Amino acid sequence: VRQISANPKKDLPIGLQKSHILNYLREVESGSLEGMYFNAVLHFFSEQERRQVYALAYKALVPGGILGVSFKTTDDPLRKLGKERARVLSGVEVSDEGYGDLGIVRLFVEDTEPLRAEMKAIGLAPGEEIHFSVPGYNAGGKYGDGKFVGILATKPAQ
1 VRQISANPKK DLPIGLQKSH ILNYLREVES GSLEGMYFNA VLHFFSEQER RQVYALAYKA
61 LVPGGILGVS FKTTDDPLRK LGKERARVLS GVEVSDEGYG DLGIVRLFVE DTEPLRAEMK
121 AIGLAPGEEI HFSVPGYNAG GKYGDGKFVG ILATKPAQ
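Here the sequence shown is numbered in this note's numbering, starting from 1 and rising by one per residue.
It should be emphasised that the hints constitute simulated quantities derived from the structure, not laboratory data.
Keep in mind it's a predicted model, so treat the numbers as computed, not measured.
Check before you lean on any hint, since a few could be wrong.
[What the hints assert, rightly or not] With a Cα cut of at most 35 Å, we get these calculated DSBU-like pairs of lysine-lysine:
| hint | residue 1 | residue 2 |
| --- | --- | --- |
| 1 | 142 | 83 |
| 2 | 80 | 120 |
| 3 | 120 | 59 |
| 4 | 83 | 120 |
| 5 | 59 | 142 |
[What the hints assert, rightly or not] Cβ pair distances, simulated, as ranges:
| hint | residue 1 | residue 2 | range |
| --- | --- | --- | --- |
| 6 | 135 | 48 | 30 to 38 Å |
| 7 | 20 | 131 | 26 to 34 Å |
| 8 | 84 | 41 | 28 to 36 Å |
Just so it is clear, CB atoms sit at the ideal spot from N, CA and C, and this is done for glycine as well.
Input sequences plus hints: build the corresponding full structure.
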């Protein structure tokens, strides 16, 4: 969780919080954050858990605050290495069985509309969608470049 200021004239610290997202968001003061970015984290969460994150993030954001999230896409090489567990509205859930064997299940996204709907249901206004690659992201390049889709959402100003 990064704490950032959308207004460069404000003297707000930028911080990196290393803790479980839900625990951090439960403890953060309501309306105290101007922005948050969850990089490649929410693809480990179920729809119900993501909705909890979005609800707590909404509460923590100031009006006009920004939430950025990113998910691995179905083009990411890790998708082909694991075992497909389930098809869901936004893509496919894949376990790391066969290459990591840690019991990890990730969502690989092919359609962001269901994810956007999750955000809208909480009151966030999803906007821009960004597709990007990160060279050498997967196991230091062992499994190729990371392929992601990001969504920027705002808490409407009151």
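Do the hints match the structure? See the list:
| no. | hint | in the structure |
| --- | --- | --- |
| 1 | 142 x 83 | 18 Å, holds |
| 2 | 80 x 120 | 31 Å, holds |
| 3 | 120 x 59 | 14 Å, holds |
| 4 | 83 x 120 | 31 Å, holds |
| 5 | 59 x 142 | 39 Å, violated |
| 6 | 135 x 48: 30 to 38 Å | 34 Å, holds |
| 7 | 20 x 131: 26 to 34 Å | 28 Å, holds |
| 8 | 84 x 41: 28 to 36 Å | 21 Å, violated |
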